[in-house]
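Dock chain P against the given chain Y, drawing on the hints supplied.
Chains as they are written, first to last, in the working numbering: chain Y, 995 to 1198; chain P, 2 to 202.
No lab work stands behind these hints, which were simulated from the structure alone. Ideal Cβ positions, reconstructed from N, Cα and C, are used throughout, including at glycine. Warning: the hint list may mix true and false statements.
[What the hints assert, rightly or not] A short list of chain Y residues far from chain P (calculated; beta carbon distances all over 10 Å):
#1 D999
#2 G1037
#3 A1039
#4 D1106
#5 L1110
#6 K1111
#7 K1113
#8 A1178
[Unchecked claim] Footprint (simulated), chain P over chain Y, 3 or more residues, beta carbon under 8 Å:
#9 1076 to 1086
#10 1121 to 1128
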Amino acid sequence: FKFNDGIIVSVDSRSTMGAYIASGTVKKVIEINPFLLGTMAGGAADCSFWERNLGVQCRMYELRNGRRISVAAASKLLANTMNSYRGYGLSMGTMITGWDETGPQLYYVDNDGTRLKGKYFSVGSGSTYAYGVLDSFYRDDLTVEEAIDLGRRAIYHATHRDAYSGGINNLYHVTKEGWKKIHAIDVNDMHYEFAEEKKNSMSS
Amino acid sequence: MDTVFGIQFKGGVVLAADQSNARSILVYQNNLDKVTKLSSHSAMGVSGPNADMVNFTEYIAKNLALYELANDGTKLSTKAQANFCRNELAVALRKGPYQVNLLLGGYDEKDDAGSLYFLDYLAALQKVPYGSQGYASNFCLSIMDKEYREGLTEADALLIIEHCIKEIATRFLINQPNFMIKIIDKDGVRVHSFGGDPADT
Chain Y
995 FKFNDGIIVS VDSRSTMGAY IASGTVKKVI EINPFLLGTM AGGAADCSFW ERNLGVQCRM
1055 YELRNGRRIS VAAASKLLAN TMNSYRGYGL SMGTMITGWD ETGPQLYYVD NDGTRLKGKY
1115 FSVGSGSTYA YGVLDSFYRD DLTVEEAIDL GRRAIYHATH RDAYSGGINN LYHVTKEGWK
1175 KIHAIDVNDM HYEFAEEKKN SMSS
Chain P
2 MDTVFGIQFK GGVVLAADQS NARSILVYQN NLDKVTKLSS HSAMGVSGPN ADMVNFTEYI
62 AKNLALYELA NDGTKLSTKA QANFCRNELA VALRKGPYQV NLLLGGYDEK DDAGSLYFLD
122 YLAALQKVPY GSQGYASNFC LSIMDKEYRE GLTEADALLI IEHCIKEIAT RFLINQPNFM
182 IKIIDKDGVR VHSFGGDPAD T
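With the rest of the complex left out, here is chain Y:
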């Protein structure tokens, strides 16, 4: 989500094949370049391949035009690629985010070519649960600490209720200087931390 001091990107790390958890340590944030991040939801292969491909296209743009590509242009490139493969059964729901000349930008792009600009998005099987937390507590003027906390809580709540989400919460903060990885916390640890917190606040 986007706020006054940048963008927070927060993801889980579970990959499933039906009811089987294939991996609990998937990197769902793809570092396209030091100023652009992409998230992964849907088909893992599609996401990582096409976002890597987007990285190539962004680099070519830089070489041809002598400056960094804008987030709007990068997301449009990806959306156009998705459009040309319509009907081929690609599965990808991603958020392209970064900080360019116009400030922090956040775009949602998916496999049927939808491209939306917004202040915050939640994508994936557990997205509705994350939206619940995000919608209730999001404000433009969050401090960086509050934003990071909101980001991890939203993911925690999604992983708690959604069977297809879990593992580790990887959180990134995008600023004018580029993205920075803030933490990688196991959601199970967060569960006990929040349980303690509730117990403390109930007794006080």
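Structure of chain P alone, referenced to chain Y:
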């Protein structure tokens, strides 16, 4: 799930569309602008998947701009623009159809009148005095049938639009809280009102 309607009045056209963008049970956003300006005096209200909506309108708008540039500033009449859209839809229909249903409205200086065209995803084209796309039709066509007459003023047309929006809020299952209303007349395309600011992103 999109709602688009339009009414022709004396000297122009009013186009209105809802602003929700949703998929399955999730609402992605409530401030989408589905009435896109095509040229200085025309716009189209589009319903359909976001990807097709954006790609089709951008394609048409840019091609119209190209025509003007390539032909020494000659502007295309609304009828010509509507026929161009129809042709593009028809050509794409048997290859990779655009699943868009639209209402194209424009003002022509030559007749000092507005005109409204109904186009659907199967490349049908019909000039209409008023029309709607989507489930809205079920609720609003009767209101427009009853209230419309030749030579409406802009205020009358807006009143009818308001009735339609109220009816949708009352009877339509899907909650569409925001509507974007645009007016096309001799002064061009202007935003009359919106529920959610499309620039608020």
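We went through each hint and held it up to the structure:
Listed as outside the interface, D999(Y) is consistent with that label: its C-beta sits roughly 17 Å from the nearest C-beta of chain P, beyond the 10 Å cut-off. The non-interface label for G1037(Y) is consistent with chain P: the shortest C-beta to C-beta separation is roughly 17 Å, beyond 10 Å. Residue placement check: A1039(Y) keeps its beta carbon more than 10 Å from all beta carbons of chain P (closest about 21 Å). The beta carbon of D1106(Y) sits about 5 Å from the closest Cβ of chain P, which is not more than 10 Å, so the claim that it is off the interface is violated.
At roughly 6 Å from the closest C-beta of chain P, the C-beta of L1110(Y) falls inside 10 Å, breaking its exclusion from the interface. At the 10 Å boundary, the C-beta of K1111(Y) falls inside the reach of chain P, the nearest C-beta of that chain being 4 Å off. At roughly 6 Å from the closest C-beta of chain P, the C-beta of K1113(Y) falls inside 10 Å, breaking its exclusion from the interface. With a least CB separation of 27 Å from chain P, A1178(Y) remains clear of the 10 Å interface cut-off, as annotated.
For the region 1076 to 1086 of chain Y, the stated coverage by chain P is satisfied: 4 residues place a CB nearer than 8 Å to a CB of that chain, which reaches the threshold of 3. Check on the region 1121 to 1128 of chain Y: 3 of its residues sit with their Cβ under 8 Å from a Cβ of chain P, so the three-residue criterion for coverage holds.
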